[in-house]
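**Student:** Chain by chain, the residues:
Protein chains: 2
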Amino acid sequence: MSDLPKTIEINEEGPREGFQIEPGPIPTARKIALVDALSETGLKQIQITSFVNPKRVPGCADAEEVVAGFHPREGVRYTALWLNEKGLERALAHRDRLTIQGSISMCASEPFIQRNQNRSLAENERVQHNQIAIYRENGIPVDRISVMAAFGCNFAGDISVDQVLRTVQSGLDIAAEHGLRIDRVSLADTMAWATPESIKRVVGAVRERWPELRITLHLHDTRGLGIANAYAGLEMGVDSYDAAVAGLGGCPFAGHKGAAGNVCTEDLAFMCEEMGVSTGIDLDRLIEAARLAEEVVGHPLPGTVMKGGTLSRLRARVN
Amino acid sequence: MSDLPKTIEINEEGPREGFQIEPGPIPTARKIALVDALSETGLKQIQITSFVNPKRVPGCADAEEVVAGFHPREGVRYTALWLNEKGLERALAHRDRLTIQGSISMCASEPFIQRNQNRSLAENERVQHNQIAIYRENGIPVDRISVMAAFGCNFAGDISVDQVLRTVQSGLDIAAEHGLRIDRVSLADTMAWATPESIKRVVGAVRERWPELRITLHLHDTRGLGIANAYAGLEMGVDSYDAAVAGLGGCPFAGHKGAAGNVCTEDLAFMCEEMGVSTGIDLDRLIEAARLAEEVVGHPLPGTVMKGGTLSRLRARVN
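From first to last, the protein sequence lines are chains A and B.
With our numbering, letter number 174 in the first sequence gets 174, and the count goes up by one each step, no holes.
With our numbering, letter number 1 in the second sequence gets 1, and the count goes up by one each step, no holes.
Excised from the complex, chain A in its bound form (with noise of 0.2 Å):
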């Protein structure tokens, strides 16, 4: 049998990455109502906003009033998005009930991040430099490094795993001329390129050079291989997952260009139980959690287990 990791961590990017892209508009206290059922599955880090642009990111325009909403429960760590200074300075006002952890963001494909950013990978470094020096003044620990595209991009094809080492490699060198101690890199698979093969081969070039550094996978499901990558980041090793309930942000079924959100999270912890890799999320809460998602949205969601139910209650019904 595989050596899978014992224990995984789930962070749950559902709220975040849903309410951005679902056009609504979905009352405020709906996705509070979301936030506080997240609450109570075990999860324990939950992504609840985006403190964006409202116009044009109108789904978040009531970030504040959702980050002063919610119920926080104790032993669940609350956090937010923000794309530039102004974002974080609004997250900043919310310290008291958000977890503001700073992450130094790089990009393995030139073209995806002038399209998506309009700068140049040049560009970004300084970008994340004066970021660097924010969160410094502001007393935010910067202890992970992202890399967006690692394996693959619409604008740029193939990203070769040298890539995915030099990006890493130049996130690290921007942590070091300000003496920070970077513990995690996240891996995101931006626009859903890769396979489990390629997952292994990244993660494994990556685990090599670096293995004192802890590994994200943030996975989407457009192709239908999210959960199937998923599985080679735990024969990897990989324990710490990027996931958002019942497949939230995006929609296959609304024509958003077939474009899907992150791998489900309750596929994904399904999985991960039924396999004896201990995630700390009560499975039935969560399965509630992702229909009230499909409530709170108005129309089906991709999630698969929230459908087919899970094993544990047809076993109660033999035994």
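Not one of these hints is a red herring.
What the simulated footprint calls covered on chain B by chain A, stretch by stretch (three residues with Cβ under 8 Å from a Cβ of chain A suffice, anywhere in the stretch; the number is not a length): (1) 143 to 157; (2) 189 to 196; (3) 217 to 225; (4) 228 to 240; (5) 270 to 284; (6) 304 to 313.
I should point out that these hints are in silico values taken from the structure, not numbers from a laboratory.
A quick note: this is a predicted structure, and the numbers were derived from the prediction, not measured.
Ideal placement from N, C-alpha and C gives every residue a C-beta, glycine not left out.
Fit chain B to the known structure of chain A by using the hints.
**Tutor:** Below, chain B without anything else, positioned relative to chain A:
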């Protein structure tokens, strides 16, 4: 990297799986159009219908017309399903157009075969002896054993590896009494209990005991693990899979108690081709057939790559 097979065979079961469960009615000409479209994809084996009781399965009442009407393509084997002598007789009337293969049909779960076929495992063994006699009278080759519920059962719970081995052995004993040489065993995850790890356990145990037997996996996707399970099969060297175009055969969106169809053919083929495992399939044509399947049944189907798109077009745009 994993040592995956260089090539695999995919046995397309979408037409049979789909039309027997779809509420329909679907015009016979549309069923034929789908079979003909699948014939152009590079698939080498297509199961096109089921000779079953038309009162119980109205979607297959036009089995004869479908078989008479499709346009066979050279090099493609067309098969059909039957569950009893009467069905076999109907199939035999079309030996000019169908490949008629016998299989020794076993089950790893006593309560499942009781509910599904109203017989005990012991009674099933007698039925199989009778079936073989009929196959031999008609000059039909019998070279395979199939095992239902090989990974778990809604009515028996978990199925032990030993139980699977005993079931395969019983099938081989039956074959031996008739002097039959068995080449292949099909392991079916009939009720979607398998995980990648249990695939490895069961396949590994069968392979170790009977290294000469070729293994086919029949996987359902009810709990979202179908593709991950297929990947685990590839890792174990399994080079033969049943699959259904567009994920036909169940419909999580229409309330069929959440049961999903077989693993989706084009998603499986996409994963394989991206990992360098050759399927012989023209993925673009298969995706066209998957979209036709959605049109034919009149509602969305669970296949993912047909919504998310392949990577070859994106690569072509880059280069």
